[in-house]
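Chains as they are written, first to last, in the numbering used here: chain A, 1 to 323; chain B, 1 to 326.
Derived by calculation from the structure, the hints in this document are not laboratory data.
Check the hints yourself; a few may be wrong.
Stated by the list, open to error - Pairwise CB distance ranges (calculated):
1) A/92 x B/299: 54 to 62 Å
2) B/80 x A/28: 52 to 60 Å
3) A/242 x B/305: 42 to 50 Å
4) B/80 x A/29: 28 to 36 Å
Said to hold, decoys possible - A short list of chain A residues far from chain B (calculated; beta carbon distances all over 12 Å):
5) 88
6) 128
7) 222
Source: prediction; values computed, not measured.
We treat Cβ as the ideally placed atom computed from N, Cα and C, and that holds for glycine.
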Amino acid sequence: MNIEELLVVRDLKKHFLPKKKFLETSSAPIRAVDGISFILHKGETLGLVGESGCGKSTVARTLLRLIEPTSGQVSFCGTDLFALKETEMRNLRKEMQIIFQDPYSSVNPGRRIGHILQEPFEIHGFRNKRENAEKANQLLEQVGLAPDYFNRYPHELSGGQLQRVGIARAIALNPKLIVADEPVSALDVSIQAQVINLLLDLKDKLDISYLFISHDLGVVEYFCDRVAVMYLGKIVELADSEQIYNSPQHPYTIALLNAIPSLESGRSKQKVSLKGDIPNPANPPKGCAFHSRCPIKEKQCEEKIPALKEIAPGHHVACFLKH
Amino acid sequence: MSSPELEIQNLTVSFSTTKGKLIAVNGISFHLNPGETLALVGESGCGKTVSALSILRLLPEPPAEILSGKIIFDGQDLLSLRAKVLQDLRGHSISMIFQDPTTSLNPVLTVGEQIAETLLRHTAMNRREALQKSADLLSRVELPSPKEKLQYYPHQLSGGMRQRVMIAMALACSPRVLIADEPTTALDVLIQAQILELLRSLKKETSILIITHDLGVVAEIAQRVLVMYAGEIVESGPAKALLKNPFHPYTKGLIASIPKLGTKKRPGARLEEIPGNVPSLDQRPSGCPFHPRCSWAMEICKTQNPQLRMIEAQRQVSCHLEPGSL
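Between the sequences and the hints, there should be enough to build the whole structure, so can you do that?
Laid out in structure tokens, this is it:
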């Protein structure tokens with residue numbers, strides 16, 4: 001089977017330079033994304049998981065060029081995104097959309113829902129007002145909102161309903177790729193399931209591929225075909241969802257899976273909770289960035305950086321002890 | 001059986017808004033036993049935080065107003081106490097930790113000063129003793145190099161460390177009751193696991209009322225659970241039994257809608273969901289507040305709000321259905 005590559009990311013880096021302090025000659029850059037590579041196939045859902053500060057949202061924004069990358073290459077359907085001019089990029093954004101975590105801060109509070117949903121069409125040159133309104137109505141229906149929401153304002157909607165508006169806006173222009181940045185984290189449990197189901201339905205109906213960013217491993221397992229685990233700006237493990245959850249290899253992945261509170265209390269999991277916090281990305285530990293918290297580290301981990309290597313078909317791990 | 005550490009009787013809290021007086025907590029009663037960890041679970045807006053804040057009278061009144069109820073602690077009703085007396089209780093016999101450690105700490109005072117403040121207010125310690133004790137508390141909550149950390153300002157600490165400082169402050173006077181309002185919600189899973197472990201280790205020292213929306217957290221830490229919906233307790237019972245075999249359709253739906261780790265999905269499988277939305281306070285449905293979202297709803301549910309009734313030992317549910325018929 002030949003699966004089409006939709007998005008190819010090669011050695012993507014995004015370093016932020018902190019503001020120079022008085023009399024300081026130079027300050028260390030914050031390596032938010034520090035050389036990550038992956039491929040997203042057509043029709044696939046790839047999960048990007050990690051703790052806050054690991055750079056997962058920066059990946060999302062850099063991919064869509066909402067912020068400019070430091071270096072690296074991203075090609076979307078064969079087009080090199082970073083070589084495009086601003087206007088060309090804007091045209092291509094039709095094909096790649098984003099859903100944000102907080103639905104309230106991602107819509108204009110002074111505009112009615114109907115207007116918010118017509119905006120993508122207006123921006124991309126559809127001038128027929130009546131047609132646009134009609135399309136906005138169809139979008140409402142597609143995401144399971146009643147037609148009378150058309151004239152309401154964002155504050156009149158609950159978080160779950162407003163996230164549906166965010167999703168409707170993202171699918172308006174029939175994108176090939178949707179980057180979903182923690183789309184259900186701000187929602188209540190009973191609403192999370194509704195929104196996840198909606199995203200799954202749309203995937204089948206509209207043939208969308210997702211890059212799904214989340215810190216919730218339970219949701220990711222449910223939703224994603226493949227999973228990439230990030231730590232301090234790097235991918236430490238990348239594999240099929242099944243491999244990640246059934247035979248995690250990287251000690252960080254294992255710790256993450258162990259830390260999830262389980263509904264069955266007293267299940268037989270060994271409690272090896274990691275000590276300490278995620279290190280400062282401006283001053284990451286030498287060698288493998290995880291060695292400062294790793295329960296199985298060796299001498300070489302403090303000196304050399306492990307590469308992401310394939311240890312089984314489709315299963316990539318960046319850890320010396322698993323190579 | 002020993003008498004409960006804290007007892008809440010028929011608590012009703014309302015808020016005055018432009019839409020009139022809205023009931024946020026509707027006549028709830030529960031108790032916290034000595035040495036127990038009790039979880040109050042529910043989605044946003046169900047009244048769990050309002051209930052917790054009422055215990056120490058921390059709600060701004062107005063707009064909030066406690067319409068009825070008693071909160072019995074140490075043989076007296078906290079709601080009838082004068083502000084001054086209540087002040088002596090807060091942080092001393094009953095203390096609280098909040099969801100967001102960043103906004104709960106004073107950004108311009110060092111960690112040491114903030115912990116010592118509690119001790120200076122409630123004990124006869126002098127400043128030096130209070131700072132020494134603060135360092136002990138920081139090592140109790142497993143903050144590395146506690147002596148140094150006393151000099152730190154909150155912004156120099158990570159979220160997990162700040163929450164440890166909050167817990168150290170709450171523990172300063174060895175309170176009999178610790179109220180923890182979503183203590184791990186703002187934290188990453190790995191840090192959450194650490195904080196839960198810390199809270200678990202406190203069980204011997206204090207009774208804990210933990211407020212959370214996360215049933216996983218409940219399973220990890222609580223002995224008993226109260227499930228709230230639209231300002232009412234809809235189900236209560238021992239954590240293990242309740243999570244394994246919920247009686248109320250809402251509890252059942254809540255448990256089912258969580259993607260569980262290790263349950264291999266079938267391709268194209270959907271998550272079970274609870275239809276509809278959490279009702280807002282001004283649109284409280286008639287009868288059982290859950291009936292518009294309940295797939296078992298009967299005629300009677302539309303008009304009559306079921307009472308919380310005992311089903312089996314320690315298990316209560318407010319539902320018209322026969323227990324076990326889900």
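Consistency of the hints with the structure:
Between residue 92 of chain A and residue 299 of chain B the beta carbon distance is about 56 Å. The supplied range of 54 to 62 Å therefore holds. For the pair residue 80 of chain B and residue 28 of chain A, the beta carbons lie near 59 Å from each other, so the given range of 52 to 60 Å is met. Checked against the hint of 42 to 50 Å, the C-beta distance between residue 242 of chain A and residue 305 of chain B comes to roughly 46 Å, which is consistent with it. For the hinted restraint 28 to 36 Å between residue 80 of chain B and residue 29 of chain A, the CB-CB distance of approximately 60 Å leaves it violated.
No beta-carbon of chain B comes within 12 Å of the beta-carbon of residue 88 of chain A; the shortest separation is about 37 Å. Distance check on residue 128 of chain A: its Cβ is at least 34 Å (rounded) from any Cβ of chain B, clearing the 12 Å threshold; non-interface status holds. For residue 222 of chain A, the condition that its CB be more than 12 Å from all CB atoms of chain B is violated, with the nearest at approximately 4 Å.
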